[in-house]
Amino acid sequence: MQVLTFLFKRFGWMIITVWIVFTVSFFLMRQIPGGPLNGERVLSEAVRARLEARYNLDAPISEQYFTHLWNTVRLDFGPSFKMQDFTVNEVLAQGFPVSAALGILGMVFAITIGMTSGVVSAVRRNSVYDYSFMLLATLGIAIPNFVLAAMLIVIFVFNLQMFPAAGWGDISQIILPAFCLGAPFAGYIARLTRTGMLEVLGNDYIRTAYAKGLSPRTVVLKHGLRGALLPVVSYLGPAIAGILTGSLVLERIFVIPGMGSHFIEAAIQRDYTLAMGALLTYTVLLFVMNTLVDLAYSIIDPRVKLE
Amino acid sequence: MSIADQQPSELERLTKILREAHDVQGVSLWADAWKRLKRNRAAMCSLWILSIIVLLAILTPALPLQSPIYQDVKNRELLPPQWDSFELDISAYDEETRRLEAEALAIKAQDGEQYIKLLALITAREQTHPIKLYWNDPGMIVTAMIELRLALFGDYCIPSIFGTDKLGRDVFSRVFWGSRVSLACGFIATFVSLMIGVSYGAISGYMGGWVDNIMMRTVDVFYSIPFIFIVIFIMSFLSSPGIRESLAEYEIDQIHVFFLLIGAIYWLTMARVVRGQVISLKNEQFIEAARTIGATRMQIVFRHLVPNVMGIVIVYLTLTIPAVIRFEAFLSFLGMGVNAPDISWGLLVNEGVQVITIIKSYWWMIAFSGLALAMTLFALNFLGDGVRDALDPKLKNK
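So the sequences go chain by chain: A and B. By my numbering, the letter at position 269 of the first sequence is numbered 269, and the numbering carries on one by one without gaps. By my numbering, the letter at position 232 of the second sequence is numbered 232, and the numbering carries on one by one without gaps.
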């Protein structure tokens, strides 16, 4: 029941947020002198006809606003400005699975690498492993992912020729971008895990676990790690937001046809309907992800109350 | 009878204590923090590196660098790093102008018509002086610095030790000029976020009640808006032809709007933190005292509360500066931020990525700008950690 009220409240806030984003971007779009159709670019007749029919451009602005709002509520983002034969929905539906695969793999990289090195650093505190892992973590946090990607391309693609440079569809093509996407978050997660583990490992119940004769591996992985998980889980929210933004840049470098590429392309080409559709999708995505993280947090730690 | 008559020795003892107390210097929060920071070797090393980077960025126009924008595709396209010397042709140009001036003076008396023609030529030469060509019509201060550089070093330039780019421009000087935009963005945007965040948080926290409630709910809504995408959206509007011209009419540079925009989205965390601090401070006695002497609400907030939250504000600033610099690089990399002829590190990395081909990787175009960016962010991170530990030891390792 509590979960239901929580979800209901969150849904309400999401509607408000999405509505604000919609309104701001709608009026920004109208700010373009002469309206979006009379820009510098010559639209092909077919697109122009579709757009004019759809946007009802002779109507007063309030009517246009509500028509557009109603269409958006029905999840119909309209035709793309630039790609003649595509609606925004079709473009987004094509890009989404690609971006999702990349993002999920990046997140898996971040969590596995981050947590492993964090646990090792905490258990072997002040050892060579600890120092080198923490130095790597700080490096990972400091270096922007596009710089990392550029350097890795030069090294692994051109000098060692281990991976193809760009493209999509093959396993070997996803490893490098997913690694670059996950690297900064692996750094953060490693630090958080290390701190959490150090706090937990000093507790009485860890000593009890050792005292009853459990192997160090069981104590660390079963009793210690569970307690150290909380800060990592609470970091997942910002991490997901970061993964979404990071994929913008990595999809462009590695020429991956995901949602991020489409959004940037739309912004550069001033394909406003596509940019707006992607923007709203990102907003909803971020909101849903954060809600899921909060839910997960309350499941792991029953002391946390859902608000 | 006074105390003095009664116990002369007691008076002596008290004056002695008083004198001793005078000699003891109180340790302020800042002195204490500075002492702690000085012990942190990584942080001090970062501080030195950053000071050098900032100093070089400020002095860039006065350093003997090649022109960051002069193109020579024919002779200097994509040269690898090298030590071949390179010279400007400015002193030859000035020499020629001076020769013309002398000639004009000589014929002033005899041939008035020719004299006026020569004068016009000289003025035209001033207008098209190489400084304007090589440094994209710099402002007054930068021009003065470039003239200083010409006076000091003449035509000498540091060779293209970082190679050249696709258009034959010197990467070394481009990295230097790029640092100016990247760092300026870091400082300006952070300053904007500081102003908004501190005032917003302080007012919200001090007012309390429904004002606080509304202000903080607004922040909550803002938190879940993906601002990075909105900034990209807005930047694409700003670059649309109609908007760009109307901005130019008001003499607003796109780059300034860009700086402000970045600052305007990085204040949310700052506002929350300041609000929390202000709430815990506002019932202290010194606020009560200020109220009794008739200080207005705004005075209490900005004169008495804000200075007391500066410690935590600085801790958050150390997190904001690298975040902002990284964000600027990120947007410029995507082509949505700084535009040519302005240069920033993100733009340089982007140029480097664009010339990667199967046949040859022009590594020098990525490596040096990327290293400069990474080194700055790395040092800022270390310094930030150090400052945080120094100002608030309780936060250590968090």
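A portion of the hints provided could be inaccurate.
[Claimed, not checked] Now the stretches of chain B that chain A is said to cover, found in silico as 3 or more residues with beta-carbon under 8 Å:
(1) 204 to 211
(2) 325 to 334
[As the list claims (entries may be wrong)] Here chain B is said to cover these stretches of chain A; the calculated rule only asks that three of the stretch's residues, wherever they fall, bring their Cβ under 8 Å from a Cβ of chain B:
(3) 97 to 107
(4) 113 to 127
(5) 241 to 254
(6) 270 to 278
(7) 286 to 297
[Unchecked claim] Among the chain B residues that face chain A by a calculated CB cut under 10 Å, a handful are:
(8) W30
(9) D220
(10) I230
(11) V349
Since the hints were made in silico from the structure, they are not lab data. For each residue, glycine too, the CB sits at the ideal point set by N, CA and C.
Each hint, compared with the structure:
Against chain A, the region 204 to 211 of chain B contributes 0 residues with a C-beta closer than 8 Å to a partner C-beta. That does not satisfy the three-residue criterion, and the hint is violated. Given a C-beta distance limit of less than 8 Å, the hint that chain A covers the region 325 to 334 of chain B holds, as 5 residues qualify and 3 suffice. With 0 residues bearing a CB less than 8 Å from a CB of chain B, the region 97 to 107 of chain A misses the requirement of three and the coverage assertion fails. Figure legend: the region 113 to 127 of chain A, annotated as covered by chain B; annotation inconsistent (0 residues with Cβ-Cβ distances under 8 Å, at least 3 required).
A stretch counts as covered by a chain when three or more of its residues have a beta carbon under 8 Å from one of that chain; for the region 241 to 254 of chain A and chain B the count is 7, and the coverage holds. Closer than 8 Å: that is the beta-carbon criterion, and the region 270 to 278 of chain A has 4 residues meeting it against chain B, so the requirement of 3 holds. For a cut-off of 8 Å, the count of residues in the region 286 to 297 of chain A with a CB near a CB of chain B stands at 3, and the three-residue condition holds. Hint on W30/B is violated. Least Cβ distance to chain A is approximately 26 Å, over the 10 Å limit.
Look at D220/B: its Cβ gets to within about 8 Å of chain A, closer than 10 Å, so that hint holds up. Annotation: interface hint on I230/B holds; nearest CB of chain A at approximately 7 Å, less than 10 Å. A distance limit of 10 Å between C-beta atoms decides the matter here; for V349/B the minimum to chain A is near 6 Å, and the interface restraint holds.
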